[in-house]
Amino acid sequence: MSATSTAVRRKRAATAGFHLGAGALAVLWLLPIALVLVTSLRSFDDIAVHGLGSWPRSFTLDNFRQAWVDGGQQRALINSLVVTIPCVLVTLTLAAMAAFALSRYEVPFRRSLLLLMLGGNLLPPQILLIPVSKLSELMGVYDTLPALIGVQIGFGVGFYVFVLHGFMRSIPVEIQQAAVIDGAGPWQIFWRIILPLTRPALAALSALSFTWIFNDLLWAITVLRSDSKMPITGALIGLQGQFVSMWNVIAAGSVIAAAPTVAVFLRFQRHFVAGLNLGAVK
Amino acid sequence: MAVLTAPERTSPAPPPPRGRRARGPRRTPPLVLAFLLVPLLAEAVWVFWPALQGLYLALTNWDGVSAPEFVGLGNFREMAHDEVFRTAAVDTVLWLVLFGGLSALLGLGAALLLQQERRGVGFYRAALFLPVVFSLVATALVWQAIYQPDGVLNQLLESVGLDSLRHAWLADQDTALYAVIVPALWRQVGYVMVLYLAGLKGIDPALYEAAKVDGAGPWQRFRYVTLPQLRGVNAVVLSVIIIDSLRSFDVVWSLTRGGPYHSSELLSTYMYSTAFQSLRLGYGSALAVVIFVLAFGVIASYLVRAFREAD
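Top line first, the protein sequences correspond to chains F and V.
Just so we're aligned: the first sequence equals residues 101 to 382 in this note's numbering.
Just so we're aligned: the second sequence equals residues 2 to 312 in this note's numbering.
Everything labelled a hint here was simulated from the structure, so no lab data went into it.
It cannot be assumed that every hint is accurate.
Derived DSS-like pairs (lysine-lysine); straight-line CA-CA distance at most 25 Å [claimed, not checked]:
1. F:111 to V:213
2. V:202 to F:111
3. V:213 to V:202
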């Protein structure tokens, strides 16, 4: 009797220890986020007098208005979405098409083609920066959003092809053979059979690629120049220059920049984590 | 490589096709070829062709306006005497070891701590994971507020009586690089944790039972069961870390732009500022080639592994 009660007590102590340790870790990780949220709601005078780390003594939403309107974050957020949403849709469509061709048909050199496409994505982007900026000048799209969309699609597609290829390959051949016997062409097989079965992978990759493209800075500052065309990451750096040491506005800007990806994460958490495991190559 | 397979896949692996042709028709329909060629073309235009150009530009002097002047390996000879290049290379190695090593260790530690399904564990995982979805730019700005001379870190030090440690963290050459690594780590640990969590989930519990029966303690079970079973994940994590380290740009650029006096300069930031601020496009391309060469081993081993996976 006493032996079991000792065991229960020990187990309870272990649970308490776990929550203490994991809780401390979680607090440590959430603290910077809490700090920026609180800072974004404080007035400039409050921060100037009491410092960033003090307990907040004021509450205002005006910082968001300043970042949103005066800081140009509204336009930047629209730019980001104008780039990100078509990029996600087009990249995944193209990748699904290529993965379908490579995984379901005896395309000549399919293995080499697959690896070539993956290899393109694994290249360090630095080697592409200068030629890509020159190329977009040559094509007359330098400093326009289509240039950014183009390079994001071209650079991303190889990776998604590789992941989707792995996924589609696991769909049994018999399903396709049955469709062929019923007289289905490649388009019908792709659209009616393979694509619906690939939905989980597509969902995971969309959640993931949304955050990657939305958060990118390097490609944006390579092919864009005007402030009015910058996506939210570039605009945030601009905001930092415009509102030097006005931490309340900068914090509000950071909150605005992080909100869409956090929303996607909270809404599609399961897909998101699945996507990271699916896409461990990145 | 367990992580590379989709977790959602519930159906058992398909039976091996009878002969290579069982997979599909022998002749590829034109539509299927088009399906393949369009994405390939997109990648060729924006990646393969620029990559070849980049390799060529590395052999030239170019200001971006007049015609590039071919100088052979001149850019690489210049690197040998370039102090900033040396700093950037050393910093990149330091970044690889510190950022890479710590994110792997902390990620594994967090995964071990949070691997068991119990009440509240979902919250802890989400807390560690949340920064992964932040842009590095937003991350950097948050941390800049922390590092300011009158920022949170200094206020904290003061309040516990460690005034002597107060510091302009990002403006001091001795601390800038380390101050930049912390936010990068803060963001990366959750990512590595997810990879390890998936790996730990894939270990057969029977192995632990067997080890327990044989009298293995917790440390021995970790040493002789967990670690060897994580070999595949380790390889993935290692590659991710090396590639991410060499690509690291956003966080440094938004925090310090490589300064002060190049003390937090990485090869990637040096390449960017050389090319787009000093407008030395040839030399910048040569730096990009160095980054590529450093990454090449990882890329190649990845492709070799992918080659085995692909069929």
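Tell me the numbers of any earlier hints that the structure contravenes, in ascending order.
none
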